[in-house]
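First residue of the sequence shown: 1, per the working numbering; consecutive thereafter.
Calculated from the structure, these hints are not laboratory results. Among the hints, a few may not be true.
As the list claims (entries may be wrong) - Pairwise CB distance ranges (calculated):
no., residue 1, residue 2, range
1, A10, P145, 16 to 22 Å
2, Q39, A10, 19 to 25 Å
3, R160, P73, 26 to 32 Å
4, Q137, A53, 24 to 30 Å
5, W169, D22, 35 to 41 Å
6, A117, A166, 16 to 22 Å
7, A52, R125, 23 to 29 Å
8, W170, D7, 31 to 37 Å
Just so it is clear, CB atoms sit at the ideal spot from N, CA and C, and this is done for glycine as well.
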Amino acid sequence: MRDDVRDYLADLVRRSRDVLGDDLAGAYAAGSVGLGAYQPGRSDVDVALLVAASPAGATRRALVDRLRHEALPCPARGLELVVYRRDVAASGTPEPGFEVELNTGATMPFRATYDPADRPAADGRFWYALDRSILRQSGLTLLGPPAAEVFADPPPAALRALLVDALRWWLALPTPPGDAP
1 MRDDVRDYLA
11 DLVRRSRDVL
21 GDDLAGAYAA
31 GSVGLGAYQP
41 GRSDVDVALL
51 VAASPAGATR
61 RALVDRLRHE
71 ALPCPARGLE
81 LVVYRRDVAA
91 SGTPEPGFEV
101 ELNTGATMPF
111 RATYDPADRP
121 AADGRFWYAL
131 DRSILRQSGL
141 TLLGPPAAEV
151 FADPPPAALR
161 ALLVDALRWW
171 LALPTPPGDA
181 P
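Please model the complete structure; the sequences and the hints are all you need to start from.
Put into structure tokens, the structure is as follows:
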């Protein structure tokens with residue numbers, strides 16, 4: 001992993017701990033960083049935070065304020081951060097189940113979502129369970145127990161349905177997105 005990404009992730013975990021305190025149960029690099037496929041200039045930094053309990057609204061907003069690009073410049077295209085409760089991560093649910101979703105970066109539109117129901121349906125609801133499954137297999141642990149011990153796969157039939165939804169979404173795009181795996 002590049003030094004700038006390593007330093008960024010260390011600072012992100014410190015800031016998350018400052019806001020969440022003892023409720024922060026884990027932090028995991030996913031996507032290209034977790035898979036060892038990070039490409040400077042193309043890749044995002046994908047992070048999943050694990051919390052013991054659902055954070056209060058003010059805590060959620062404070063976390064976003066402390067981690068958004070303007071407060072903590074991301075060395076990559078952008079940060080894609082998702083906060084999950086520990087029980088949701090371990091459940092294998094095919095539902096999004098997130099507490100906070102933050103997209104922020106120099107070349108990425110800012111978005112903070114605090115409830116899965118507020119996420120535009122056109123953006124896809126399949127990402128989260130697929131990402132948790134990938135985290136289980138190859139998440140890079142930054143804080144807490146190994147990813148394989150805290151993230152669960154959805155049931156096989158649900159996983160197949162999520163993959164079909166993802167393929168349909170990708171095939172319907174007019175042009176491929178600018179980010180890399």
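Evaluated hints:
no.: 1; hint: A10 x P145: 16 to 22 Å; in the structure: 18 Å, holds
no.: 2; hint: Q39 x A10: 19 to 25 Å; in the structure: 21 Å, holds
no.: 3; hint: R160 x P73: 26 to 32 Å; in the structure: 39 Å, violated
no.: 4; hint: Q137 x A53: 24 to 30 Å; in the structure: 26 Å, holds
no.: 5; hint: W169 x D22: 35 to 41 Å; in the structure: 38 Å, holds
no.: 6; hint: A117 x A166: 16 to 22 Å; in the structure: 20 Å, holds
no.: 7; hint: A52 x R125: 23 to 29 Å; in the structure: 25 Å, holds
no.: 8; hint: W170 x D7: 31 to 37 Å; in the structure: 33 Å, holds
Hint violations for this structure: number 3 only, all remaining hints satisfied.
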